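Going down the list, the sequences are from chains B and Z.
Under my numbering, think of the first position of the first sequence as 77, with each following residue one higher.
Under my numbering, think of the first position of the second sequence as 77, with each following residue one higher.
No wet-lab data here; the hints were simulated from the structure.
Because the structure is a prediction, the values reported are computed rather than measured.
Be aware that one or more of the hints could be misleading.
Put simply, identical chains are the same to the list, so a pair is met inside one copy or across any two.
[As the list claims (entries may be wrong)] Pairs of lysine-lysine residues, derived as DSS-like cross-links and limited to a Cα-Cα distance of at most 30 Å, are as follows:
{"#": "1", "residue 1": "LYS311", "residue 2": "LYS188"}
{"#": "2", "residue 1": "LYS291", "residue 2": "LYS188"}
{"#": "3", "residue 1": "LYS125", "residue 2": "LYS302"}
{"#": "4", "residue 1": "LYS302", "residue 2": "LYS193"}
{"#": "5", "residue 1": "LYS188", "residue 2": "LYS302"}
{"#": "6", "residue 1": "LYS311", "residue 2": "LYS264"}
Protein chains: 2
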Amino acid sequence: MVDPALYLIPAQLSDGDLTQVLPQYNFALVREIKHFVVENVRSARRFLKKCDREIDIDTLTFYELNEHTPIERVASYLQPLEQGHPMGVISEAGCPAVADPGADLVAIAQSKGLLVKPLVGPSSILLGLMGSGFNGQSFAFVGYLPIDASARVRKFKEMEHRILHENQTQIFIETPYRNNTLIADMLKHLPPGLKLCVASDITGAGEHIVTRTIKQWAAQPPVLAKVPTIYLLYK
Amino acid sequence: MVDPALYLIPAQLSDGDLTQVLPQYNFALVREIKHFVVENVRSARRFLKKCDREIDIDTLTFYELNEHTPIERVASYLQPLEQGHPMGVISEAGCPAVADPGADLVAIAQSKGLLVKPLVGPSSILLGLMGSGFNGQSFAFVGYLPIDASARVRKFKEMEHRILHENQTQIFIETPYRNNTLIADMLKHLPPGLKLCVASDITGAGEHIVTRTIKQWAAQPPVLAKVPTIYLLYK
Chain B
77 MVDPALYLIP AQLSDGDLTQ VLPQYNFALV REIKHFVVEN VRSARRFLKK
127 CDREIDIDTL TFYELNEHTP IERVASYLQP LEQGHPMGVI SEAGCPAVAD
177 PGADLVAIAQ SKGLLVKPLV GPSSILLGLM GSGFNGQSFA FVGYLPIDAS
227 ARVRKFKEME HRILHENQTQ IFIETPYRNN TLIADMLKHL PPGLKLCVAS
277 DITGAGEHIV TRTIKQWAAQ PPVLAKVPTI YLLYK
Chain Z
77 MVDPALYLIP AQLSDGDLTQ VLPQYNFALV REIKHFVVEN VRSARRFLKK
127 CDREIDIDTL TFYELNEHTP IERVASYLQP LEQGHPMGVI SEAGCPAVAD
177 PGADLVAIAQ SKGLLVKPLV GPSSILLGLM GSGFNGQSFA FVGYLPIDAS
227 ARVRKFKEME HRILHENQTQ IFIETPYRNN TLIADMLKHL PPGLKLCVAS
277 DITGAGEHIV TRTIKQWAAQ PPVLAKVPTI YLLYK
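The following block holds chain B by itself, in its conformation from the complex (with noise of 0.2 Å):
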C-alpha cells in the first residue's frame, strides 16, 4: 500500500519507450492508485495503459482538469484523498503543475494540510536548460510571449535587461504552428551577439538541442515546422 497522498504523475513528452524517460518506481505506483486527476481523460488512459498493459482502466476514476474548470470543483476531487486514497494527477504532457494544469490542485492540497508527492519525469524545460550550456544558477521560466507586437518588443528588451544585468537565463515556450513567427521575431528584434538555444522534440527521436548566436542564427534559421519546442536565450 502506498501512502495516501497527491502524487504529481509526469507523462511522457514525446512518443517512445517510457522506460527512457520514467523511473521504473512511477509503473509500480500507478498500479496503486484508482483515483486520477487528469488534463485529458483520453491521453490519461493511453499513457496509464502504456504504464502497465495489466491495469484495468474500467475499476479506476478521472476528473477531468483543466483551463475552464471551475476551481470549486477542483477542490472537491481532492475527496477520495482526504478519505485517505492515494491520488494522481497526470497532465498531457511532462510534469504536473509546471507549465501544464495542476498548480491549483496543489495549492487547495496544501491549504488542507494534506501529504503532496512530486514525481520525477521529463521537463523540457529543465531538459533544454541543461542541454543550452546557459547560466544554471539563476533562469526564469517566463511562460508564452505577449503575441501583441510592441508587448512583445517590450518584453524582448526586459529579458535582454536580466540576461545582463542579473546573468539570469530566459525560457519561454510558443505554441508550435507560431514557431517560425517568433523566430522570425526573434531573428529582427534581438541582439546580433546574444545566443539563443533551440530545444525540439526533447527526448523524441528529433530531438535537437542547439545554441548558436542571434547572428548565427540568422544566416541559417531553424526551420521549425510544427515541432514542440522550447527557447533560451542568455548571453
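Based on the hints, put chain Z in the right spot on chain B.
What follows is chain Z alone, placed relative to chain B:
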C-alpha cells in the same frame, strides 16, 4: 553503440533506491561510456557502481570539473568526444548544469557543434515547484541569496515585487547549515500573507514539502537542522 554525444547524467539527491528517481535507460547508457566529466571522482565512482554493480571502474577515465577547474582545461576535456567517443557528465547530486557545475562544458560543446543529450532525473528545483502549488507558468530560480543583511533585504523586496507584479514564483537555496538563519530572516522581513514552501530532503526518506503563509510558519517555524532544502515564495 550509443551516439557520440555529451550525455548529461543526473545523480540521486538522497540515498535510497536509484530506480525510484532514474529511468532504466540511464543505467543502460552509462555502461556504454568510458569517459566521464565529474564534479567529484569518488562520488561519481560510487554512483556508477550503484547504477551497475558489474561496471569495471578501472577501465573508465574521469575528468574533474568544479569551480576551481580552469576554463582551458574544461575545453580540453572534450577531446574524446571530438574523436567520436560518447562522454558523460555527472554532478554531485541532481542534474548537471542546473544549480551545479557543467554549464561551461556544455557551452563549449555547443560552440563546437557537438551533440548534447540531457537525461531525465531528479531536480530539487522542479520537484519543489511541482509540490509547492505555486505558479508553474512563470518562475525564477535565483540560486543563493546574498549573505549581507541589507543586500538580502533588498533581494527579498525584489522577489516580492516580481511575485506581486509578474505573478512569478521565486525559488532559492541555502547551504544546509544556514537554513535556520535564512528562515529567521524570512519570518522577520517578508509580509505575513506571503506563502513560503519549504521543501526538504526531496526524494529522500524524510521528504517534506510544505506550503504555509509566513504568518503560519511564524507560529510554528520549520526545524531543518542540516537537511538539503529548497525554498519557494509566492502570493
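How the hints compare with the structure:
1. LYS311 with LYS188: between (43 Å within a copy, 17 Å between copies)
2. LYS291 with LYS188: Result: close only across copies, 16 Å inter versus 51 Å intra.
3. LYS125 with LYS302: Within one copy only: 27 Å inside a chain, 42 Å across chains, cut-off 30 Å.
4. LYS302 with LYS193: between (33 Å within a copy, 22 Å between copies)
5. LYS188 with LYS302: Classified as between: cross-chain Cα gap 27 Å, same-chain 41 Å, threshold 30 Å.
6. LYS311 with LYS264: Only inside one copy: LYS311 and LYS264 sit 17 Å apart there, 36 Å across copies, limit 30 Å.
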